[in-house]
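Chain by chain, the residues run as shown.
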Amino acid sequence: MPLTSADFAAIWLTLQLASITTALLLLLGTPLAWWLARTRSWLKAPIGALVALPLVLPPTVIGFYLLVAMGPQGPVGALTQSLGLGTLPFTFTGLVIGSLFYSLPFVVQPIQNAFEAIGTRPLEVAATLRAGPLDRFFHVALPLARPGLVTASVLGFAHTIGEFGVVLMIGGNIPDQTRVVSVQIFNHVEAMEYAQAHWLAAGMLVFSFAILLTLQRRGRVGARAIS
Amino acid sequence: MLEARFSLSLDSFTLDVELQLPAHGVTALFGPSGSGKTSLLRCMAGLEHPPQGQLTLNGECWQDSQRGVFVAPHQRAIGYVFQESSLFDHLSVEDNLLFGFKRIAAGERRIRLNQAIELLGIEHLLARMPALLSGGERQRVGIARALLTSPSLLLMDEPLSALDAQRKAEVLPYLQRLPGELQIPIIYVSHAIDEVAQLADHMVLLENGQALASGELNTLLPRLDLPLAQGDNAGVVINGLVTHYDADYQLLSLQLPNSQLSIRVAHQPIAPGQQLRLRVQARDVSLSLSQPEHSSILNLLPAQVVELAAADNPAHLLVRLDLQGTPLLARITRYSSEQLGLYPGQPIWAQIKSVALLG
Chain W
1 MPLTSADFAA IWLTLQLASI TTALLLLLGT PLAWWLARTR SWLKAPIGAL
51 VALPLVLPPT VIGFYLLVAM GPQGPVGALT QSLGLGTLPF TFTGLVIGSL
101 FYSLPFVVQP IQNAFEAIGT RPLEVAATLR AGPLDRFFHV ALPLARPGLV
151 TASVLGFAHT IGEFGVVLMI GGNIPDQTRV VSVQIFNHVE AMEYAQAHWL
201 AAGMLVFSFA ILLTLQRRGR VGARAIS
Chain C
1 MLEARFSLSL DSFTLDVELQ LPAHGVTALF GPSGSGKTSL LRCMAGLEHP
51 PQGQLTLNGE CWQDSQRGVF VAPHQRAIGY VFQESSLFDH LSVEDNLLFG
101 FKRIAAGERR IRLNQAIELL GIEHLLARMP ALLSGGERQR VGIARALLTS
151 PSLLLMDEPL SALDAQRKAE VLPYLQRLPG ELQIPIIYVS HAIDEVAQLA
201 DHMVLLENGQ ALASGELNTL LPRLDLPLAQ GDNAGVVING LVTHYDADYQ
251 LLSLQLPNSQ LSIRVAHQPI APGQQLRLRV QARDVSLSLS QPEHSSILNL
301 LPAQVVELAA ADNPAHLLVR LDLQGTPLLA RITRYSSEQL GLYPGQPIWA
351 QIKSVALLG
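Taken in sequence, the protein lines are chains W and C.
Every letter in the first sequence is one number past the one before it in our numbering, and letter 146, counting from 1, is 146.
Every letter in the second sequence is one number past the one before it in our numbering, and letter 170, counting from 1, is 170.
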């Protein structure tokens, strides 16, 4: 077997990170997408731009500010320390937080687009059929936005799998803690283990291609989200 | 009694109405597009929240801006039928029907599932998804779905306007059955006078967000001071009582209300004693000073000129006639009017070239 136990550990850690990040993003991103799709507040534009920032920022910039914020002198670091949790950089939790920011637009934007495509009519219809606001959200808006939710999950998961810059900034290279596949590939290359690097890199390539192919086949690739 | 008063400004449009409508039968909100019909309906449903508004149905207040009362749409006992198909695409026809039905208390379900399904003839569609229905079928399901919330008020926003003529003819009989089968007041938005003539008992005439007139259909349609009398489709609606059927010539006789006069129509046999609605268009009525003889026109009735008014076209005049209490409109040329020397109070013969039986 060409893959070492360290490689498998990195793959396992990556999958855990991507799963947890995607689940949390769906939980947090769906209400945010709903708000962005429905609000007429002036805050819509600035919040929407903030959500989209990770699309254009170098991951090192995101990682840098997260490192500063979560470090011993940062506001988040001060909070976590006062709660007796220590500091978050170079921990798996810190990595999850970094991934949440890193993959945020890939989850929020497809869902927001789906909610916007539904429009107000089905919700008005539901209101005239005695459904209250929460009832309308769960039984009309969410089911109708299903394709957007699927796209968001797949993109969020795939994008987190490919994370590197943020991980390096706030996670470092700790086995079973923060050493994800992309970092492990970097390690192999640094150690001149090109064969090992190939296996992992090709695995990533095939995985990413398969995901995008699936989305294309569904005809619902979040074109705007990937742009 | 439905009492509604709304002031609403939307972009460049202002709705400002105050209405007292009967809490029974069908009330048409009629007017050209942009007159505020749909906005008024949405205000009634609570889908619009006008800062100035009051809405009371049989003593139950749904909005009173002075007391700060605004009942949310989902807490109003309304049924709403939208202009275009508004079925939930992610639910089957049956689940669409049950959507509202499930959300009202069992004790409030005055309309049963089977009753609504039968009334709209949609039994065979229950298992289908909305995407596989025709436009007419979708509207029928939409109407049944609204009825299944057992509303105290049914609001319909041009339910036929998105359908072609054939589909319209398919859905219309179901709409005609509703008032007779259910004791629910219906507010029916339309810009098509023929739909209004077929369905409505009461009518509100809207223009530029204002109510020009509100009253019984039979009294509004013959009024020469309203824009209704203008245009090609002007005419009156008469409630006739079937008195006789001539099987030989296949002619149905209908007696005009409170009079000895009858109108005959070529039609299938209908049992005497039934009330039917007739529509006589102004352009199908011509006038003669003496009783016409040797005429192929079937319906020649003695009448009296009540009022003359200019028509939208300067070559024409509108004449309001009285048939022993039943109003009738005639659209004739100004030339003919001068030749006949028409004046109010003048006895005259009305020749009705065509009568539509609306059922």
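It is worth saying that the hints were derived from the structure and are not from the lab.
Keep in mind it's a predicted model, so treat the numbers as computed, not measured.
We put the beta carbon where it would ideally sit given N, CA and C, even for glycine.
Check before you lean on any hint, since a few could be wrong.
So, partial list: chain W residues that the calculated Cβ filter (under 10 Å) puts toward chain C [unchecked claim]: (1) G48; (2) L50; (3) A52; (4) E116; (5) R121; (6) V125; (7) L129; (8) G132; (9) P133; (10) R136; (11) L144.
Are any of the numbered hints broken by this structure? If so, which, sorted upward? 1, 2, 3 and 4
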